[in-house]
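Engineer: Take a look at the letters that make up each chain.
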Amino acid sequence: MAEYKKVKIERGPGGWGGPLEVKPSDEKKYVVCITGGGIHPVAQKIADMTGAEPFDGFKSSPEGGFKAMACAVIDCGGTARIGVYPMKGVPTIDIHDTSPAGPLAQFIREENFVSGVGEDQITEI
Amino acid sequence: MGIYSSKIVKIGEQAHLFLEEGIVVFFGDNAPEELQDVAVVHELQDITGEIEVGTTINLSNEELVVTAVGPVANENFINLGHLVLKLDSATEAALPGDVSCSFTNKPEIKVEDRIEII
Chain G
1 MAEYKKVKIE RGPGGWGGPL EVKPSDEKKY VVCITGGGIH PVAQKIADMT
51 GAEPFDGFKS SPEGGFKAMA CAVIDCGGTA RIGVYPMKGV PTIDIHDTSP
101 AGPLAQFIRE ENFVSGVGED QITEI
Chain R
1 MGIYSSKIVK IGEQAHLFLE EGIVVFFGDN APEELQDVAV VHELQDITGE
51 IEVGTTINLS NEELVVTAVG PVANENFINL GHLVLKLDSA TEAALPGDVS
101 CSFTNKPEIK VEDRIEII
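Chains as they are written, first to last, in this note's numbering: chain G, 1 to 125; chain R, 1 to 118.
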């Protein structure tokens, strides 16, 4: 059994939603990054602090699919990814300053989504 | 030589939710399944320039003209093959990833149709 730690992720100065508390488990052990260019520093930091495994979700899907995701880190411009991961039940962290919009806005809540997140918004609890 | 030329290979099961609101969400055919579900999927090709106000986009034989480009739109397109077209003729992008367009007729998008960004 791996040891996992909990982190708090707050919205950035121009962001929306949160705070989220993310604690991975053996069942939810991946911090899945769906951004351009591999693992974003925000995803890496969450993984480092919690003991979870960073995973490039644009290249492949983790074993176990959405159920295995402790959280998803996105660089969404506001329409699609912002809703897809909350809809699938995955706590979602957007590095851009976005708020609920688009046809999937109904799935986006302060309890499952936080935006404007940089490395400074992640703290250990 | 245009910025991008490709064909539509799939229309995701939930893409209609967006299309009904005049939003075309594109992802490349390398995107994960959950994103292809909400997207019009194109066969990923090389992207050879940036989309700007005034850029012409031919989609399913309808001509669209770009009226606004959000600050992260080109970055998303280049990194992920991801493009959000809004058929709203807006002169200011409402969201950071938006590419707003004016149009004469709304494109009726089908598999095998082409997207040409000129």
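Please keep in mind that the hints were generated in silico from the structure rather than gathered at the bench.
Predicted model, so just to flag it, every value in this text is computed and none were measured.
Quick reminder that beta carbons are idealized off the backbone N, C-alpha and C, glycines included.
Treat the hints with care, since some could be wrong.
[Unchecked claim] Derived PhoX-like pairs (lysine-lysine); straight-line CA-CA distance at most 25 angstroms:
hint, chain 1, residue 1, chain 2, residue 2
1, G, Lys-67, G, Lys-5
2, G, Lys-88, G, Lys-8
3, R, Lys-7, G, Lys-59
4, R, Lys-10, G, Lys-59
5, G, Lys-88, R, Lys-10
[To be verified] Some chain R residues near chain G, calculated using beta-carbon distances under 7 angstroms:
hint, residue
6, Glu-21
7, Pro-32
8, Val-72
9, Leu-80
Engineer: Hint by hint, where does the structure go against what was stated? Just the numbers, ascending.
Structural biologist: none
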